[in-house]
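Engineer: What follows is the residue order along each chain.
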Amino acid sequence: MMRSKVLSLVPRATGVCRHMSTATKLTTVAVDDKTGIATLTMNRPPVNGLNLDLLRDLNQSIGEVEGNKSRGLILTSSNPTIFSAGLDILEMYKPDKDRIREFWTALQDVWLALYGSSVPTAAAINGHSPAGGCLLATSCEYRVMLPKFTIGLNETKLGIVAPKWFMSSFLSVLPRREAERALNQGRMFTTEEALSIGLIDEVAISKEQALDKCAQFIGTFAKVNPLARSLTKQQLRAVELQQLENERAQDLERFLFFVNQPSVQKGLGIYLESLKKKAKN
Amino acid sequence: MMRSKVLSLVPRATGVCRHMSTATKLTTVAVDDKTGIATLTMNRPPVNGLNLDLLRDLNQSIGEVEGNKSRGLILTSSNPTIFSAGLDILEMYKPDKDRIREFWTALQDVWLALYGSSVPTAAAINGHSPAGGCLLATSCEYRVMLPKFTIGLNETKLGIVAPKWFMSSFLSVLPRREAERALNQGRMFTTEEALSIGLIDEVAISKEQALDKCAQFIGTFAKVNPLARSLTKQQLRAVELQQLENERAQDLERFLFFVNQPSVQKGLGIYLESLKKKAKN
Amino acid sequence: MMRSKVLSLVPRATGVCRHMSTATKLTTVAVDDKTGIATLTMNRPPVNGLNLDLLRDLNQSIGEVEGNKSRGLILTSSNPTIFSAGLDILEMYKPDKDRIREFWTALQDVWLALYGSSVPTAAAINGHSPAGGCLLATSCEYRVMLPKFTIGLNETKLGIVAPKWFMSSFLSVLPRREAERALNQGRMFTTEEALSIGLIDEVAISKEQALDKCAQFIGTFAKVNPLARSLTKQQLRAVELQQLENERAQDLERFLFFVNQPSVQKGLGIYLESLKKKAKN
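As given, the protein sequences belong to chains A, B and C, one line each in that order.
Taking the working numbering, the leading residue of the first sequence gets 198, the next gets one more, and so forth.
Taking the working numbering, the leading residue of the second sequence gets 198, the next gets one more, and so forth.
Taking the working numbering, the leading residue of the third sequence gets 198, the next gets one more, and so forth.
Please keep in mind that the hints were generated in silico from the structure rather than gathered at the bench.
Any given hint could be a false lead.
Identical copies go unnamed one by one, so any copy, or any two together, can satisfy a pair.
To be verified - Cross-link-like lysine to aspartate or glutamate pairs, in silico, DMTMM-like; alpha carbons within 20 Å at most:
id, residue 1, residue 2
1, K361, E437
2, K361, D448
3, K231, E405
4, K420, E470
5, K463, D293
6, K475, E390
Just so we're clear, the structure is a prediction, and the values are computed from it rather than from any experiment.
Here chain A stands alone, though its shape is the one from the complex (with noise of 0.2 Å):
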């Protein structure tokens, strides 16, 4: 028995959202009765692409469940091949420059809130997961995912570099021996790959029994005390918490400096061109 929460959409007092426009949600909600799980549903078609809108409202959803004594939080798609496709281009081509602020600020908060989430957290990865996707799924405490799919930081493919919390995600889930070639190679690992190497924890044949499992190690905190549990996760993440709560300021004018490059910006250019060639064939 699932039961869909429609979340309000309260502007916020600060900053003008200039994108009102999706007065459709982007995310759901929807709380289990008997199991007390949430299960946070990315519903921005086509691929899940994490824009500023997409982002405040995962923002929302995460603050959401903290906010109502949810046993615990699962991150999955509404889409069917693609969990989330990560960044979306689209703001980082040609940007606004107010809005890319908003943009880098709204990434910071979903992984500050999403990382450091008092509940446990679990990703049912029921489609591709690069780059942001992956960050989304390795914030979380658990993975699983279905197969034939991929995931990874894949960012020197696309001729950028993951910001640090980017790779402290990584390196939480990781051994650091694997982790830092992984990055370096920008690698997206299969399933199955993700699984030998401990990139995910399980693999799930369909999304729903996905979610089962997700809800199996969340009930593994059936007795533990919810404090206690919340405490301990927050001290564990604490280095990397507040390594971007300290340095928020740096990290955005470091990522302003860098998507402003002439080259950067050429090559979202040319791939922008690559996609949309990909459509129209």
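Dock chains B and C against chain A, hints included.
Structural biologist: Okay, now just chains B and C, sitting in the frame of chain A:
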């Protein structure tokens, strides 16, 4: 040929030791004349609960082993089914204001002494080893465990939070991903699970064999320069040791604040009641 | 088709190089025209002992590879049974006051250049690789080793302490528990053991095959943006690199203090005697 050393119980100059009724020693140190290896046995019935007295004796015995030019230290228990049940809850439930400070300070001392010990250290885990018991075991360099027991940092199941330095020991043994999950879950590992994950290094079928295997491990340092070894170990563990050294006072205050929360006191009370009932049945 | 580059030996402006008798180069760099990969070969008979001259040549050769737009760097040895025997003890035994400073500084330079190299690096370990040899190998991103050789940081067996940055390289390859134990033991791993623990990545049956496998690893970066790759690697290795940068002077003083201890000098003297006797038999 084991020569048992009875340690002199010198009362400390500072602080009145209220529970000096334990005129009997709670630890013994026996040095094997042939191997030069010291076996430190915890002997506080019924479960080697780490109270102030046992912690002080442990600290004194570790200091003795450091001083007596032993080739190594093996930590074990006189109890056939419990290595150590961890911190004595009686020290934390409705605590005396001064004694609980001495208690926590003594625990810090033991960890600094054992984790930073200049001699090779190994734990012959001949019984259950939850919480503080696991802390002692993971502070050693090698672990041999008997079958059908359990080990782990199960603090979250007890409603408390393992301090950072408990986590340091744990993280120096297990991969980050495994350590984080187990800490969040308060997971107790069976001997078999502990071996497969790397939380212990070997399984022995008897206490005698466990001691032998620990001695063999210490024997691997036979041709190693003791000073170079000791400096190497301390350099490797410097970050964690220094962190506690720097934060001893705050760590104490954090513990006191936490343990004095009404909810924690209530939880400890309920737990003590359940232990009493168990003892009656 | 290999084009061998003879490097110009430019004497440095600062510091008198006393051992300039080595007019022959101690390293060679050969760039494969087809793959663009540079092979850096150590060639200081009899055992590639890392003395001031070899270190300077290494540093210069690494710099050259950085500058010549190579696709990657493979480090190997011209000796059929020794990759590198590590630091040349003659540099440390009854050392000249000025030269030993230059020696250690050159070693720091080599590590900073190799561990922080912007190009992909791999070691074709075609012989024994103790101590400093292991340092060079673990500073690369990939390791292929020939059978029946040994590798490890065996400093404690020699009565010395590997500096922090030696340990950094080691810890970026091995799990903490394994690294700590091996460092304390001064353990030398056989090729097979090194593979199973992850200290090396592959075994090759010949030097040619080892070079091929290294080239294949470097080939995995073919579709990766070189600048993004280099920035990613440097971000990952920044903590360790920065630590030595910040502590260069103290690290040098620590080494000088240590090496000048009478006990260490005595130990080195005994070791040198044993080497001489071995050579006679």
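Engineer: Each hint needs a verdict: does it hold in this structure or not?
Structural biologist: Verification of the supplied hints:
1. K361 - E437: both (9 Å within a copy, 15 Å between copies)
2. K361 - D448: Close inside one copy (9 Å), not across copies (27 Å); limit 20 Å.
3. K231 - E405: Result: close within a single copy only, 16 Å intra versus 50 Å inter.
4. K420 - E470: Answer is between; shortest inter-copy Cα gap is 18 Å, intra-copy 53 Å.
5. K463 - D293: Only inside one copy: K463 and D293 sit 16 Å apart there, 56 Å across copies, limit 20 Å.
6. K475 - E390: Answer is neither: 27 Å inside a copy and 48 Å across each miss the 20 Å cutoff.
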